[in-house]
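J.: As a plain string of letters, each chain reads:
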Amino acid sequence: MKTFFKKAVVLASLTMALSSMAEAQVPAATRANTLKVVVHANLQILDPVWTTAFITGRHSYLIYDTLYAANSRFEPKPQMAEGHEISADGLVYRIRLREGLRFHDGTPVRAQDAVASLRRWMARDVMGQQMAAVTASVETVDDRSFEIRLKERWGMVLDALAKPSNPAFIMPERVAQTPPTTQVTDTTGSGPFIFVREEWRPGNRVMYRRNPDYVPRQEPADYLSGGKRALVERVEWLYIPDQNTALAALNSGEIDYFEAPPLDFIASLQRNRNIRIVDIDALGTAGLIRPNHLYPPFNDARARQALAHLVRQEDFMRVVVGNPALYSKFCGSFFMCGSGNGTEVGSEPFREPNVERARQLFREAGYNGEPIVVLQPTDRPQYNAATMVLVQAMRRAGLNVDVQAMDWSTLLSRRASRNNPYQGGYHIFLTTHGGPTTALPPSNTWFNTRCDRANPGWACDEKLVELVADWSRESDAATRRPILETIHRRAWEVIPYVPYGQYTQPVAVRANVHGVLAAGIPVYWNIEKR
Amino acid sequence: MGNYVARRIFATIPVMGVVAIIVFLMLRLSPGDPAAIIAGDHATSDEIAEIREHLGLDRPLLEQFIRWLGQLVSGDFGVSIYMEQPVLGLILERVEPTLALAISTMIFAIALAVPLGVIAAWRAGSWVDQTIMALSVLAFSVPVFLIGYGLVMGFSLALELLPVQGFVSISEDPIGFLQHILLPTVALGLVYTALLARITRATMLETLNEDYIRTARAKGLAEPRVLILHALKNASVPIVTTIGTGLALLIGGVVVTESVFAVPGIGRLTIDAVLQRDYPVIQGVILVIAGVYVLVNLAIDLTYSLLDPRIRY
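Protein chains in written order, with our numbering: chain A, 6 to 535; chain B, 2 to 314.
Treat the hints as calculated values from the structure; they're not laboratory data. Cβ coordinates follow ideal geometry from the N, Cα and C atoms, glycine included. Mixed in with the good hints, there may be bad ones.
Below, a sample of chain A positions facing chain B; criterion: calculated Cβ distance under 10 Å [to be verified]: (1) 77; (2) 206; (3) 209; (4) 246; (5) 257; (6) 415; (7) 463; (8) 465.
Okay, chain A solo, but in the shape it has when bound:
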């Protein structure tokens, strides 16, 4: 025990001394050229393959690079790739890396690194798995080139590599060889910033410094593509869970960038001359009501249609967002209104609520007043508010609703349970998704209707799966369009989930912060402090 306490004291002293030394080594000029950002969550997991958490994805964009990246029209553009050749039969993609790419440890980025990273990503990511299903092999050609050989035509290869959420970040081969079920701890990347591990204080602060050896592309930055020019010496992420404190820190100038200011405060922030509100996400966020397709009444499409007939999106948005400038009154697209795939075909009957029709459909689906278990996450204000709006609409329609309050962590594990709703399962929960990844039928995770292999709620419709596969095989926009409309009509019949509105979450920055990119997610290249 004595040794243990000795060890504890020595460790504590060492930690404190090291933290002081690390701080002392930062010159004043560098501190002035540090972008201080309040992020939306606590960065704890550093491996973007191990988790789909947004915060890990944003961290990964700082330190890693991707082979392709989406531009503002959501087209895949070469990023680490110099270019590619596609064989005449569309089955072989040969991708060549740009010259001069280096990892943070100084070693060159090789095709072997890209191949190992792709293999690891394809084992875990939803879109990666779809790519793996149609891929025969991913092999190195030489140090700068590799080939993806497909078993059948699949028009989504470049879209998959460029998808903004959970893309294939390129890691050194030695790191990417870690099994996908094990978290990597080595953060060597080749991105525009370097993770400063010794200054990482989980739950408080994450520090990045500019990568002096990064070779940006020559094109101007456009969404997530183009030249990633790091214009600040350091980016310091602060995790301040209390939003009022974060707002006060922004007002006082202690921080430069607030990733997710509360939507109720946007109007008042806009009146402050020292602060600018920047909309970085053209598509925004979409709310969704997920019924459990495994159990009655929602195993019957008529009950899911009935649920959709109860939803007036504007009611949800008024409560969840408040500011009408930040939301649309109705969005009937499963693929984000405003995106290239944002068709609303099939949504016509659901534009206005129809309680009578809903009651009739519930009756036809065999619903007879049994309690409907709705999961309510009390520690997520927006989800909580949306849940309460839904519950009120359901009760108004005469449904017997059993609202079960819990924290988000409990909800996450509860919703993964396939148990009967009255024995630890559920009927309904609400969540959100968004961005270009949602705009693509095969990468929209909640649109996946592969039954047992779908996300919680287990939407199940083989016809939709086939239609999405048909759409994915094509790479031509004109050929895809009619398939997309068929998919959309079918989706409004089987209803994998009920959309409850689309809104934007702008960021707030100090007036001296310039160059904030509309990249869909917060990225920190291109930004300077003047």
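Based on the hints, put chain B in the right spot on chain A.
T.: Just chain B now, kept in the frame of chain A:
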């Protein structure tokens, strides 16, 4: 004395054992799944199951408990499920801000509360006494977060005198340390000042009615000497008890203040770990806090003998 201390320390072993069992069972039997949180919002049930298996959370409860107990015996608190860093290191990183806040709060509270309590007792029933007691009721009743936001509005945003949030190590920048610690200290300290002032007043009132106080006054001793040397010293046992338990409470319970002022202390670590079901971190923090309670109580008991020679161990 040595025997007594050894006996007390030895007696903590079963206490910590019981704490360990209760904490482990409460966490594992309460709803929530770290694997679902790690996997993220877009994960499928199969991916969640894979992570659960990787973390060993699918193993029988007894097996998990024995493995954790085995680690504890060798001084290993385990590794955070999320950060994959040793729990002990994570706790030690957070000790300085919490300890600094707890100590500064106690210094603030003692410096303000003891004189106020003594004066209130000395002038019992007068307007001075009533004002002090009314203010202490007010300080005790207003929630800490409200005081915190009020201080930030006044001193940080309106007057621009002090920073809104954060913590700076004293070894790194003593002035910055004082600037950052001042507002949380006042916000938290006002509650403890109120509590301590009321305890001091109550015990002083009792002591001031004792015969030896009358004797001291009859001897012609100056009033400050009577109050401090005779009355306060004899009234100090309950005051020291309150200070000691207050300090232990502060180490484990400054969550709100740490959140309002973004102080990266033990409280924040605990709440983050609880929300994410990071079992090893929660278990480690609770064991450490339980250990602190035991040690602080021992220190309080030992202090009694210094303050009151009649108490012997």
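J.: Report the numbers of all earlier hints that the structure fails to satisfy, in ascending order.
T.: Those not satisfied are hints 1, 8.
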